[in-house]
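Student: One-letter residues, chain by chain:
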Amino acid sequence: MYRWASDLYPICRSITGKGINETLRYIKAILPELQIHKEPTGAKAFDWTIPEEWEINDAFIANDKGDRIVDFKKHNLHIVGYSTAIDETLDFAKLDSRLYSLPELPDAIPYVTSYYQKDWGFCLTHNQRLELRKEPDKKYRVYIDARHFAGHLTYGELLIKGKSEKEIFLSAYICHPSMANNELSSPVVATALARYLQEAPRRYTYRIVFIPETIGSIVYLSKNLKTLKEKMAAGFALSCVGDDRCYSYLSSRYANTLADRIAVHTLKQIAPDFKQYSFLNRGSDERQYCAPGVDLPVCSIMRSKFGEYPEYHTSLDDMAFISPSGLEGGFNAVKSCIEIAEANYVYKNTVLCEPQMSKRNLYPTISMKGSANGAKILMDFLAYADGTNDLIGIAEILGVCAIDLIETANALEKAGLIEKNDDL
Amino acid sequence: MYRWASDLYPICRSITGKGINETLRYIKAILPELQIHKEPTGAKAFDWTIPEEWEINDAFIANDKGDRIVDFKKHNLHIVGYSTAIDETLDFAKLDSRLYSLPELPDAIPYVTSYYQKDWGFCLTHNQRLELRKEPDKKYRVYIDARHFAGHLTYGELLIKGKSEKEIFLSAYICHPSMANNELSSPVVATALARYLQEAPRRYTYRIVFIPETIGSIVYLSKNLKTLKEKMAAGFALSCVGDDRCYSYLSSRYANTLADRIAVHTLKQIAPDFKQYSFLNRGSDERQYCAPGVDLPVCSIMRSKFGEYPEYHTSLDDMAFISPSGLEGGFNAVKSCIEIAEANYVYKNTVLCEPQMSKRNLYPTISMKGSANGAKILMDFLAYADGTNDLIGIAEILGVCAIDLIETANALEKAGLIEKNDDL
Amino acid sequence: MYRWASDLYPICRSITGKGINETLRYIKAILPELQIHKEPTGAKAFDWTIPEEWEINDAFIANDKGDRIVDFKKHNLHIVGYSTAIDETLDFAKLDSRLYSLPELPDAIPYVTSYYQKDWGFCLTHNQRLELRKEPDKKYRVYIDARHFAGHLTYGELLIKGKSEKEIFLSAYICHPSMANNELSSPVVATALARYLQEAPRRYTYRIVFIPETIGSIVYLSKNLKTLKEKMAAGFALSCVGDDRCYSYLSSRYANTLADRIAVHTLKQIAPDFKQYSFLNRGSDERQYCAPGVDLPVCSIMRSKFGEYPEYHTSLDDMAFISPSGLEGGFNAVKSCIEIAEANYVYKNTVLCEPQMSKRNLYPTISMKGSANGAKILMDFLAYADGTNDLIGIAEILGVCAIDLIETANALEKAGLIEKNDDL
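Chains as they are written, first to last, in numbering that gives the first Met the number 0: chain L, 0 to 423; chain A, 0 to 423; chain H, 0 to 423.
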């Protein structure tokens, strides 16, 4: 995953354009079944209109000696996303009003966009800006070789068929330029999960999308809402799943979906001090998936939540900010959610009263104080396998991890003591 | 309000009689639409019978020199309410058994009544009583010029028609003699609220009653229960709304009515340290409104709750105990409840997914870290304007005051992004 | 109760055999209406088969001098329950593998059984075992005069008819050899409760069973499940109700039955620091009564819970461990539960608004600050006697003991102010 992210890091993605296409091609090389969809500029999606495609070839600010002092080729965050073309020489005062920097993070280049209003600007570190301000009388050439044109919005979609038509949905975004946690961790973890899911037959069908944030999820929903509402059992929006600092969860609108139950149960077990955020702290595509009337059962799983770490949306969210272990942690958290979803049957006992476990070699034949401890988990599972609880429900009652109960459930099922309800 | 209270303070009110009539006439002078109703002595109201009317003209205890040492003309609390007529000279021992005083408040004259059992007595400060006890052999003339006769119970009722037939109910009592917080604050705040309500068209119809406590609310309910049950959306019993010490709320029987939701939300916002009392602490007309089978959606709003301040039901609950600012606080608390009730629509989004706010100038066109903070309240409102939450519900989820959301709701409605459900 | 327990203590009970029969005869002498039922060896009960009956006459380990160093006649815990016959001389090493002792309680003989797997063994104190281990080369004669044969499982059942067919169920076990708290406290408290219940007509019918643990309750359920499900309103499994250390409650599967409500309310009042255990801590016949599909409204009431005191299932759980006061405490806890169940009517007011209590001499005629305090409990009861709350519900709202409200309810009913719903 880290290597994939390193490969993808230099690409200048935006919500449309070459960068996103290149990124999708890279993923399709790993996941050949990935379907790439296109929607034309001007198409309507609910309240939105797909904007013109943006192509950026070069951009810089040069001083009077012709030195590129701010250069898009050096860092693609230097250009305000969707900037219009320009080639002018300006007073510093006029230029300064087009500059974006962060006084509180003076060494970071901020990430700035203006997708829906034609505009242009440059981003730079605040320290560099302060240097420029020392010579307020200088003039600068601003050059942006960019164009806006009727093109397409593109996104990827992968369907991995399972035994059931019911689906688990994973959403990754691919629209930010060179940022690592709040961009690349999302598609590379989703790609690795797709590979993992393809390794074996699954109970659920899996739908994984690689989309530009906001406009992409809105377009995708506008074209697929009916299907998604019919089929989706649970969905997880993946964002910022690559650093090592913590684990985070952001709930659906009312925190009451199967996705929420799975995510909270899983994170409680694998990272008991994980951070819980309400839907009021939303910020990525869960905003659309859980919008009123859309109402999909989606929550977000993250390492450090977007907006909560200082490096967020700056050049400091780079490849050093994420790590192989951070990505692996993000991958494992979602993989555990998937394992639990796959095993989350409703179980029902087949025998009235406690079964005689000793005749099945599931219980010690000699009864002495404490002798039955090893069989307690079996008996406790049986006590709550009453046709009303799913695996997660039983695990919550027993205070254990659902994954650790799968073996117990299988042993009891093999002994004919419980039956599982395979309905979804 | 304070002036009205000062005017009404000297009147000797009781549950029937001249005092209450005079009080109602005073209020009618301010609110000409006030209707004054009469029910005759002997009329039945549920388990109760309207008692004879009581007229008190004079009452005193005189010493052997003829000096009035306890004089109704000096303070109308000196006479036990509904005392029968007498003119006798008694030994002190016999008199003492007819005296009421409060050892724990030796300078206060207590408020004592015997409405439903013919009796007589005098109230005085405990200090004065101790003085009298020093000369146990003295004789005293007790004189009460009072009569009981078949008359009427009177009460006032004001209906302020709104757009809807659904009603908000306000209840004030007018049956105590010269006491300020636990009497006059209630009708003067109700009168001021009536005036405020008349200033503009309202969504709800308002029904405001001015009644003697207990027998008055019982009579009123016995005549109007069906209508009230059909029409009442929420009601507030006003009591002790004139001092400056605190704000208090007393719940309906199960604390689960719209009135409770409104009152708790409002007080949490305007007086976060307000005191919450359960229905077990009831003591005024909420006892009747929330009685089983009556079940009206009524709770009580107070400054210092009756029974909880030492001056309660004594001569110390005087015009110095309440204040213009205390009354204004009581008025504003109920006014805020009314504003919230009026604005408490259920809202529903009109657009699937988040609307594009920037094209409506409701969102910054440039996106940078933190740039959308100002629009967060709009987006959060939209997220929960899903047709299941009313304004209070959204405000509770967002952790803000419902009143502060009215502007947000109006902006979104104007932009066509939400619709309100006008049903009541 | 303590005398009964002393009489029963020496008997060597097991899940079948002479000891249980002798115990049932002793109880039947006190409760002549007790019915004794028999089920034959080999009969099926759900997943179980009634085992052969076990008769034990003598058992010992003798040293090379012929001295009985471990002697069943001295303490019946010395023999592993259901041991097969043997008469052999063994090396100590071979014998040692057949010995059971508790290193952590070196002076206690443990209680060990092997009901469903033919086996034999001896139990002894760990100190004695350490002595024996000092002479590893000695040989010992092991002698067990026991037999297994097609016989019966026996149990007792007592039905005390009440006004209603609805039943309250009490379960006691009679299957352990000489142990006091975790055996005899259960049947002697149940016997005393049966006597108490027979003293007067009751609203509920009472069903009391005296059964061997596990196999007994499973057999009883297999024969009576339909009836029990139809009739049982609440049931209490009695176990370890004879010591003085604490009070304990173990909930039904979801802690949501009438039995749970009664037990928690009662124990909260009579022993506010009682210990609450979830169904995960079960261990006696509640395992069967609350098994999924059985679903009877049964919880367990105990003094020190089985498994939670060190003396449990050892020779230290002897007559010194229980006491007359301990048994009385256990008896009174269940008796209070029964009193509350008997009085647990749903009450409904008959009069709209508050009734005029003073005309019924239920309220002071003179009203002065604080004068009505004595009548508060009457008024509060009336406020919640709204046809939705039973006695326990009202008591929980008022924060008092349901037993203390019975008099209040009776006074109000006598005054015609409430009616009780006699349905069960």
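Just so you know, not all the hints are guaranteed correct.
A pair holds if it fits inside one copy or across any two, identical chains being indistinguishable in the list.
What the hints assert, rightly or not - Keeping only pairs whose Cα atoms sit at most 25 angstroms apart, straight-line, the calculated SDA-like set for lysine to any residue is:
id, residue 1, residue 2
1, LYS43, THR364
2, LYS375, GLU307
3, LYS137, ASP70
4, LYS230, ARG67
5, LYS37, GLU307
6, LYS73, ILE365
7, LYS334, GLY398
8, LYS368, ASP46
Quick caveat, the hints were computed from the structure, so don't treat them as lab data.
Student: Could you run down the list of hints and mark each one as holding or not?
Tutor: The hints, checked one at a time:
no. : hint             : in the structure
1   : LYS43 to THR364  : between (71 angstroms within a copy, 19 angstroms between copies)
2   : LYS375 to GLU307 : between (43 angstroms within a copy, 16 angstroms between copies)
3   : LYS137 to ASP70  : within (18 angstroms within a copy, 95 angstroms between copies)
4   : LYS230 to ARG67  : neither (53 angstroms within a copy, 75 angstroms between copies)
5   : LYS37 to GLU307  : neither (33 angstroms within a copy, 67 angstroms between copies)
6   : LYS73 to ILE365  : between (75 angstroms within a copy, 23 angstroms between copies)
7   : LYS334 to GLY398 : within (21 angstroms within a copy, 35 angstroms between copies)
8   : LYS368 to ASP46  : between (68 angstroms within a copy, 24 angstroms between copies)
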